[in-house]
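Protein chains: 2
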Amino acid sequence: MYVVVVYDTAAERNPQILRTCRQYLHHVQRSVFEGALSAAQFKRFQAAVAGVIDTGYDSVLVYTYPPGSVPRREEWGAAQPSPSDIL
Amino acid sequence: MYVVVVYDTAAERNPQILRTCRQYLHHVQRSVFEGALSAAQFKRFQAAVAGVIDTGYDSVLVYTYPPGSVPRREEWGAAQPSPSDIL
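So the sequence lines, in the order shown, correspond to chains A and B.
Each residue of the first sequence is one higher than the last, beginning at 3 in the working numbering.
Each residue of the second sequence is one higher than the last, beginning at 3 in the working numbering.
Extracted from the complex, chain A is given alone in its bound form (with noise of 0.2 Å):
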């Protein structure tokens, strides 16, 4: 499945969530990432994801997409730096 992960953590724990996300997904805006993950890939994110975020107060919203279905995705404004330029 095709997933889109947005999140929105404290800044203490931005490295972490950014490291993980990098890990597993592709970097397309400052708390923005994207890419294909099959079932056990989604379940470990998952788990990753919640060994670093403080589930009562930071915020990840996980948009799936169907197998073979991918994102109509459009950029107004600046085509976005290199991930490693995003902290």
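The set of hints was computed from the structure by calculation and includes no laboratory data.
A few of these clues could be false.
Some chain B residues judged to face chain A by a derived CB distance under 10 Å, without partners named [to be verified]:
1. Arg-32
2. Ser-33
3. Gln-48
Small disclaimer: the values here were computed from a predicted structure and weren't measured.
Heads up, the beta-carbon is just placed ideally off N, CA and C, and yes, glycines get one too.
Go by the hints and put chain B onto chain A.
Only chain B this time, still in chain A's reference frame:
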């Protein structure tokens, strides 16, 4: 069509992009909005966003879903505070 919008703008422009998005869509996370728009509304929204962002710096990602389909969204972590708490 249904849209999911994620913006990453310079801090000084956040209030304007927030106000613009609120006029058209539902606020679901700090810089994430969702909602159904007609083709005409989508065009007006796009023009309104172009009017408040710096297209050389700010980034707005717009995920569109074909008519009749809506995203499957999971929320990990904290349920979002009411939109008015989020600037």
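_Are any of the numbered hints broken by this structure? If so, which, sorted upward?_
Result: no hint breaks.
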